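Novice: Throw the hints in and build the complete structure from the sequences for me.
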Amino acid sequence: MRRGGPLLSSLPSRSPRASCSRREFMPFATIAELSKYDGQTLTLRGWLYNRRSSGKIQFLQVRDGSGIVQAVLVLKEVGEEMFRRVEAIPQESSITVTGSVRADARSPGGYELGASDVQLVAAAQPYPIALQAHGVGFLMEQRHLWLRSRKPHATLRVRAEVVRAVRDFLDGRGFVLVDAPILTPAACEGTTTLFGLDYFDEGKAFLSQSGQLYMEAGAMAFGKVYCFGPTFRAEKSKTRRHLTEFWMVEPEIAYGTLDDVMSLAEEFISFIVQRVLERRKEELKILERDTKPLEKIQPPFPKLSYDDAVKILNETRAAQNPPIPPFGGGDFGAPDETTLSLRHEKPVMVHRYPISVKAFYMKRDPAAPDKALCVDVLAPEGVGEIIGGGQREDDLALLEGRIAEHQLPKEAFEWYLDLRRYGSVPHAGFGLGIERTVAWICGTEHVRECIPFPRMMYRIYP
RNA sequence: UGCGGGGUCAUCUCAACCGGUAGGAUGCCUGAUUGUUAAUCAGGUCGUGCGGGUUCGAGUCCCGCCCCCGCAGCCA
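Number 81 in the numbering used here belongs to position 88 of the first sequence; there are no gaps in the numbering.
Source of the hints: derived by calculation from the structure; they are not laboratory data.
Incorrect hints may appear among the rest.
Stated by the list, open to error - Computed cross-link-like contacts, EDC-like style, restricted to lysine to aspartate or glutamate with a CA-CA straight-line distance of at most 20 Å:
| # | residue 1 | residue 2 |
| --- | --- | --- |
| 1 | K289 | E260 |
| 2 | K403 | D388 |
| 3 | K69 | D110 |
| 4 | K285 | E438 |
| 5 | K278 | E154 |
| 6 | K144 | E275 |
| 7 | K285 | E154 |
| 8 | K274 | E26 |
| 9 | K296 | E374 |
| 10 | K217 | D161 |
| 11 | K403 | D387 |
| 12 | K403 | E393 |
| 13 | K144 | E134 |
Only a predicted model underlies this, so the values are computations on that prediction, with no experimental measurement involved.
Specialist: Written out as structure tokens, the structure reads:
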């Protein structure tokens, strides 16, 4: 590391020395840990978020990524030259601020910095994002800058906490991370549209739409596994629940049954929600999220068979004015899912859908051969399905039949069939969509705000 | 892909009545202000998506295109 420059001569931020008055010994600290340094003098490195000026006193809102703090600059304390110089610094310029930390009830956040020195690192050009009144279209064009604003910042911190909770939960329960490939030779399920690309002399390759089949191989090797990564769907969906690139975590358990993964799913979701409530209170407050509904998210969740769900939907439809015709079978539409989820405070688990609407690898229910041993978890408050999963077909002959029925190229699935040829066992798993989970927890209308750089049908910039 | 709703300054869930000088707010610039909380106050700056058509005259009416938003299907 080089020496000399004020930015590079940092001491470890954890060992502030308040008694030092010479600048080269000033410690750097982050705003998040400011309250630990009450009464001490230190230097913050960040950006000018906003300024309110009153002629002889300036209030600088300084952000450094960990938080926002107000620095107070008084004319008679810092002198005319510095005061005027700081007054000319544009919004979002990078700056360092040296000053003493003090508690002050008048300051947003409770603490403020009595500034003794402000250094400009790089002046910003006129910043496109004002502190209020912008449309989502404009903000998405500026997504790379919008990340600095309060709401996206809070949402993405919740996302990071969700991801950490996902890993902590699964790692803590003996699941082994076995990442699935993103470049795949063929469709996993054959239904959804895939993004294709040329793969050298091997012909077409595709971006993965699910790591599940690979997780089944992983489960036969490690017992309990999961993968966590991006997933790609080339569907032309333009709704607030869809992205063309989204993140999914997919646990898979050897010797696991539908009941096992249903229990796992409700504990998993509860763990994630409680973890966010515990560690990201400030962020949920910034997002104005009512946390009361989230506090109730604890096992057990309400469970509903597909047949019972159909009865409820038909009752609801008949009660409408004018009545809507009864449900015709098949998969539920988005309004149906909303009807079901609005009946409960917790996520609702709908199990045993007709085998005809589910993927080829789903296992039939021995008690009802037209039903699959599968489960969808519908989040409350209208976010829709956050989990889809179930028990996999473990019988070689039945699976071969399903592949034929779905008119899938058998050669592509030989490796997958091998898992049934060499010591097949019952196994089950599910996929949890990260952005929908974050949208639900944050109370965000659209999933596009729950990923740093959303990819949608009509947006691939920035 | 289908259906619906929209494109007015750099920005805005904004205004412009029957076709007649495009108005406001925010930002930005200048000035004032010693405790601001999206600070406030005064002044200034900036605009009708593209291509045709009707008309004395088009933001407004007609035709085509482009773009955006929402919903649906599909899914997480």
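Novice: Against this structure, judge whether each hint is valid.
Specialist: Now for the hints, and whether the structure bears them out:
no.	hint	verdict
1	K289 with E260	holds (13 Å)
2	K403 with D388	holds (15 Å)
3	K69 with D110	holds (13 Å)
4	K285 with E438	holds (18 Å)
5	K278 with E154	holds (15 Å)
6	K144 with E275	holds (11 Å)
7	K285 with E154	holds (19 Å)
8	K274 with E26	holds (16 Å)
9	K296 with E374	holds (17 Å)
10	K217 with D161	holds (14 Å)
11	K403 with D387	holds (16 Å)
12	K403 with E393	holds (8 Å)
13	K144 with E134	holds (16 Å)
Hint check: no violations occur; every hint is consistent with the structure.
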